[in-house]
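2 protein chains.
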Amino acid sequence: MNKPDYSKFLSSRINFVEPSPIREMVSKIAKKSKETLIISFAAGDPDPDVIPRKLYAEIAKRIFEDERRSVIYSPTEGLPELREEIARFMMNYERVNADPDSIVVTIGGSQAIDLIGRLILDPGDIVIVENPSYVNTILDWKQYGVRLIGIPMDENGMRTDVLEETIRKLRSEGKFAKLIYTIPTGQNPTGITMSMDRRKHLIEIASEHDLLIVEDAAYNHLIYEQVEIRSLKSMDKDNRVVFVGSFSKVLGTGLRVGWLYLPSELVNLFKAAKGPSDMCPPVPSQLVVHRVLKEGYFEEIRKNAIKIYKEKRDIMLNAIARYLPGIKHTKPSAGMFVFLWLPSHVDGWKIAEEALEKHAVATIPGAPFYTDNSGRNTLRLNFSMAPKDLIEKGIEALANLVK
Amino acid sequence: MNKPDYSKFLSSRINFVEPSPIREMVSKIAKKSKETLIISFAAGDPDPDVIPRKLYAEIAKRIFEDERRSVIYSPTEGLPELREEIARFMMNYERVNADPDSIVVTIGGSQAIDLIGRLILDPGDIVIVENPSYVNTILDWKQYGVRLIGIPMDENGMRTDVLEETIRKLRSEGKFAKLIYTIPTGQNPTGITMSMDRRKHLIEIASEHDLLIVEDAAYNHLIYEQVEIRSLKSMDKDNRVVFVGSFSKVLGTGLRVGWLYLPSELVNLFKAAKGPSDMCPPVPSQLVVHRVLKEGYFEEIRKNAIKIYKEKRDIMLNAIARYLPGIKHTKPSAGMFVFLWLPSHVDGWKIAEEALEKHAVATIPGAPFYTDNSGRNTLRLNFSMAPKDLIEKGIEALANLVK
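Those sequence lines, one after another, are chains A and B. Numbering-wise (my numbering), the first sequence opens with residue 1 and increments by one. Numbering-wise (my numbering), the second sequence opens with residue 1 and increments by one.
If we strip away everything but chain A, and leave its shape as in the complex, we get (with noise of 0.2 Å):
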């Protein structure tokens, strides 16, 4: 017996692996409802029950009854007629004239997120993130041992102003930032939807200070008022932004099915450093998606989705006024969450595990979606998974612990 010193064999790299804070948080939670109900405002995962899993579940068995290809290979870029369909998509809610060819599906946006993260970003090198922005891509691009520049947001989306600003102070420092990274619809964790006038700012200043921008449209399909918005892919003269689409918030979270929509000097290059790290994206996953889309489903889907959460947000929101009066918060017009600022002197971290333990109510504490090491006084709450009915009850849990 001679065992090894792992520490030995590790990479370098492995110094800007960070566990995810909120993973912790979610073994709790887990661990929570094994014991008792819990009213979660806790997932960033669509209702279940909102889902049309009767249709899947036929959708499935034909797939796998009727398709010899369901249990093999598909090519590494998705299948062929997935990635028409999602074309098409693109044009009917992006209105966006994609090139099949240039779209590459994904293991949901993540793998898109961090197959841009393993082509683009060196050690050292910028990127700007709205402030908070979405902990994922930022535990996932400091893997590749970036510097992230939080832009602070309003009730319009990042401030364009200081992002303007912050890139001129950087320049004349000699430095250069890469990318911009957006969550411009439902942000991520706020909730926030970025107005037209800062869409246009931001594009703008892309093209003058020649960054590219990565735009996240995880939530682009679940809006719940008369907002006029466009994709920033829609806006893109310049080609400078990279598309990161998903279904998994309408059609779910667990099928794993996103995409990359490129620009096309960039897609050879992407599909050779994905090949091998995947081989091809779950093909009984992509044939679920390719029916859902092909069939005509996706607009019916969406729609009775953004019924059931405009009312559960409702709900939220008027718990909230009731509740939690004076309370700091976003009213969001898309996506799936609630941002709440908290009283100065109050942990978010404190209140997220005591509503856990104590009212079996899960939230996710704000601050590690902060860029800056601020938001300790935050809570994200999402609104699309817990049953109507217990909203009001979890939300007055949690006002009992602020007070």
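Don't take every hint at face value.
Copies of one chain are not kept apart here, so a pair can be met inside one copy or by any two copies together.
[As the list claims (entries may be wrong)] List time: in silico DMTMM-like cross-link candidates among lysine to aspartate or glutamate, alpha-carbon distance up to 25 Å:
hint, residue 1, residue 2
1, K61, E85
2, K178, D122
3, K178, D5
4, K61, E81
5, K61, D49
6, K303, E58
7, K303, E65
8, K34, D66
9, K32, E85
10, K34, E85
11, K312, E155
12, K3, D197
13, K200, E357
14, K31, E67
15, K388, D49
To be clear, the hints were calculated from the coordinates, so they are not data collected in a lab.
Take the given structure of chain A and dock chain B to it, following the hints.
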């Protein structure tokens, strides 16, 4: 319009990314297959008609109907009950007493291998592989900038005497190999199975010289002869074998379900790195595999696959003996491949292209599997995929080209 120069934005890492020469051949095959019926000896896939797709259809229907969690995220390491079934599987099939908490479910074996690259391999690191070895592992680890050293094989697998000599030579030059990658059973591309003596010797060498071993067990359960073999992991007293498991070759490559069985010291690191890069493996696929294991179908599926692939292998070997007498080739007792060494003046690429164009017979040149630009006269032939009654015809067509 101010189109960016994309090359300016790319990571230095892209210098290590090589397009797969095999994917080009696969594209040509896909194109040809639209025009005519091809006889495919190309893929590394199981026969879709050997996979019990009707059973999967029933299971998938039940899963979507009954399980709310089928459409939402699982933990990044996979569903707990799947990891428990995999632990049971490792006991039954690998004689390994695995802790479910040291199992991480991955997107096939591919993602497992990529994660090893990501967390273990630094640019300039030396990695030892069989020569030839699996082209996708070679391409993936090259993306991490490693230097590969290939060890020749004979009919008993990796020449461990040469391995020992190579390691001694490296040490005398002050160099250090981090790990040895092997596919000990039914190797890809050769179909060779490592003898017990070699396995023991390999483990001894790793222990003596303090190396890690990565055991790619993709073909461990497609064994056609009474050969007394054990997984390296089951012989691994030091705990220096990282085990890469896969259900792809028996249950279907399209599902994308594999796993890592890791030394416990490495589990949290791998989970932390994997989390943001994929969130989780596809949940419907995880649930299908879980049911197949739990309800005892795996052994039945495996036995049927072995029966059919053994017949196909024998048809192929008989046809080679008949139409290509005197040609050197492997006689696999496991796996999916026969490897051919054509006469030294024959170019495997040319034969593969001509066989496809002229006779609609798809094969894969062996050269990309070599670490040292040798093997130009080799071909990899898969025997699991083609219908029984077409195998002889395909080999005859190949033989006519070789002559």
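Using 25 Å as the alpha carbon limit, work out where K3 and D197 are close: within a copy, between copies, both or neither. Intra 61 Å, inter 22 Å, cutoff 25 Å: inter-copy only.
Intra- versus inter-copy proximity for D5 and K178 (alpha-carbon distance at most 25 Å): between (38 Å within a copy, 12 Å between copies)
At 25 Å max between alpha carbons, let me know whether K388 reaches D49 within a copy, between copies, both or neither. Classified as within; 12 Å inside a copy, 46 Å across copies.
Measure nothing new, just compare the shortest in-copy and cross-copy C-alpha distances for K31 and E67 to 25 Å and report within, between, both or neither. For K31 and E67, the Cα distance is within 25 Å only across copies (19 Å; inside one copy 39 Å).
Given a CA cutoff of 25 Å, do K303 and E65 count as a within-copy pair, a between-copy pair, both, or neither? between (30 Å within a copy, 21 Å between copies)
Within, between, both or neither: how does the pair K312, E155 come out at a Cα-Cα threshold of 25 Å? Close inside one copy (21 Å), not across copies (65 Å); limit 25 Å.
Measure nothing new, just compare the shortest in-copy and cross-copy C-alpha distances for K178 and D122 to 25 Å and report within, between, both or neither. Both: 10 Å inside a copy, 24 Å across copies.
Within a copy, between copies, both or neither: which one fits K61 and D49 at a CA-CA cutoff of 25 Å? both (20 Å within a copy, 16 Å between copies)
Homomeric proximity label, K61 with E85: Cα distance no greater than 25 Å: both (21 Å within a copy, 24 Å between copies)
Within a copy, between copies, both or neither: which one fits K200 and E357 at a CA-CA cutoff of 25 Å? Neither, since 45 Å and 52 Å both go past 25 Å.
First find the shortest C-alpha distance between K32 and E85 inside one copy, then the shortest across copies, and answer within, between, both or neither for a cut-off of 25 Å. between (41 Å within a copy, 23 Å between copies)
Up to 25 Å between alpha-carbons, please classify K61 paired with E81: within, between, both or neither. This pair counts as both: shortest intra-copy Cα distance 19 Å, inter-copy 23 Å.
In this structure, only the earlier hint numbered 13 is contradicted, and the remaining ones agree with it.
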